[in-house]
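Please model the entire structure based on the sequences and the hints provided.
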Amino acid sequence: MSVRHALLALLTEGPKYGLQLRQEFEQRTGEVWPLNVGQVYTTLQRLERDGLVASDDDAADAGPQKSFHITDGGQAELTTWLKTPPDLSSPPRDELVIKVLVAIGVRDIDVHEVIQAHRRHIVELMQEWTRVKRDAAPEDVPLALVVDAELFRLDSVIRWLDTAESRLRRAPKPEPSLPAESRGPGHGVPKSTPSTRKAGARR
Amino acid sequence: MSVLELSGITKRYGIGAAAVDALREVDLRVEPGELVAIMGPSGSGKSTLLTIAGTLEEPTSGEVSVGGLELSKLSRAEQAQLRRRAIGYVFQDFNLLAGLTAAENVSLPLELDGTSAKAARAAGLEALERLGLAGRADHFPDQLSGGERQRVAIARAVVGERRLLLADEPSGALDSVNGEAVMRLVRATCQGGVAGVVVTHDAQLASWADRVIFIRDGRIVDQTSAPDGPESLLEVDGAR
Numbered sequence: 001m002s003v004r005h006a007l008l009a010l011l012t013e014g015p016k017y018g019l020q021l022r023q024e025f026e027q028r029t030g031e032v033w034p035l036n037v038g039q040v041y042t043t044l045q046r047l048e049r050d051g052l053v054a055s056d057d058d059a060a061d062a063g064p065q066k067s068f069h070i071t072d073g074g075q076a077e078l079t080t081w082l083k084t085p086p087d088l089s090s091p092p093r094d095e096l097v098i099k100v101l102v103a104i105g106v107r108d109i110d111v112h113e114v115i116q117a118h119r120r121h122i123v124e125l126m127q128e129w130t131r132v133k134r135d136a137a138p139e140d141v142p143l144a145l146v147v148d149a150e151l152f153r154l155d156s157v158i159r160w161l162d163t164a165e166s167r168l169r170r171a172p173k174p175e176p177s178l179p180a181e182s183r184g185p186g187h188g189v190p191k192s193t194p195s196t197r198k199a200g201a202r203r
Numbered sequence: 204m205s206v207l208e209l210s211g212i213t214k215r216y217g218i219g220a221a222a223v224d225a226l227r228e229v230d231l232r233v234e235p236g237e238l239v240a241i242m243g244p245s246g247s248g249k250s251t252l253l254t255i256a257g258t259l260e261e262p263t264s265g266e267v268s269v270g271g272l273e274l275s276k277l278s279r280a281e282q283a284q285l286r287r288r289a290i291g292y293v294f295q296d297f298n299l300l301a302g303l304t305a306a307e308n309v310s311l312p313l314e315l316d317g318t319s320a321k322a323a324r325a326a327g328l329e330a331l332e333r334l335g336l337a338g339r340a341d342h343f344p345d346q347l348s349g350g351e352r353q354r355v356a357i358a359r360a361v362v363g364e365r366r367l368l369l370a371d372e373p374s375g376a377l378d379s380v381n382g383e384a385v386m387r388l389v390r391a392t393c394q395g396g397v398a399g400v401v402v403t404h405d406a407q408l409a410s411w412a413d414r415v416i417f418i419r420d421g422r423i424v425d426q427t428s429a430p431d432g433p434e435s436l437l438e439v440d441g442a443r
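Residue numbers (the numbering used here), protein chains in the order written: chain A, 1 to 203; chain B, 204 to 443.
No lab work stands behind these hints, which were simulated from the structure alone.
Each statement offered as a hint is correct.
Derived contacts from chain B toward chain A, CB cut-off under 10 Å, selection only: (1) M386; (2) H404; (3) D405; (4) A406; (5) Q407; (6) A412; (7) F417; (8) V424; (9) D425; (10) S428.
Derived DEER-like restraints, expressed as beta-carbon distance ranges: (11) W81/A <-> R387/B: 30 to 36 Å; (12) D378/B <-> T79/A: 27 to 33 Å; (13) E139/A <-> T263/B: 47 to 53 Å.
Quick reminder that beta carbons are idealized off the backbone N, C-alpha and C, glycines included.
Below is the structure:
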């Protein structure tokens, strides 16, 4: 979440004080991202240093009464940021994916039970978010948008878990281990555990 | 008293070596006012569970009770009557009859059950009113918006004394905002004392339920636990 750009966006509506910016930021993000006032002032100082906002009051000690407006440079920065796609190109090191991959190879662990435990936990989270949306005022569109974003993100994890389960069910059972000499050429992996085979196959 | 109670339900299709158990020893109780979602992949038995709960199919073994009545103790005629009076279905495409008005669509199940046309219409109008459709009672389905047709379908499912609402992928063909609208209505209808069971593979729809039950290979393998309030969620999120 770029607080910096959210503050620039609020300042496009006209000059504002720090406290006012904090309050409006929380309102517009469905009050899901609390922001402390220190963060607001630090961010405003940096924006001012970079020439993206300017204060309307020259008195350095004006404190909370100091109001800020966006500069032309700030407008340009905001427009560029809004249209720049976030970096989705490199896959994140997802802890859940790693847990499921590791579970495949661990003796006495049923990977399907691991998948179900995570699935249940995520659906419980989705139920909580859905209650937030259900109880929200119909006109609170920002809150609905924030909750939707979270629900779609969690839903995509559920879909991955469903796909993982279905792939694991369809995957051929690991062959009984064969004596090393009976393997054909090119089968140099000493112990063919499901996890090493799958990891190898993906590369 | 539970509106729906399934005890030890097994459903076997085929015989001998070709036999397949679509459901195995399933227990489920749904209370008045509760909305339960059943989630599972294709072939997991979730639709079979719904048809057995709706008394459209008989289990191979186990007992189904609706409103405290054990189905195995009822004659076929009594079962059919129970089905018409106590159980409502919401289908994926809503299945409204094009030649009937909204009120006629909603009161039809009661008329089929022998209720007088006048009493059936009164119950139909009452159900439409509950769904905020009092002013559209005499419109035909093609004069209604998509959202209004959803409401008519739900009104029909809860008309009269019907207290068990069963829905199979009730928003299958709808986009997410309209799908959400269906679930909001189902949710609100249940809060009025109806017991609801929704079968879906969609986690976003399932998350409208009070309880989500996970079914795999004909068995209930897990369910969500009673949640904390939404406040906890916002605190956790805010602490990030």
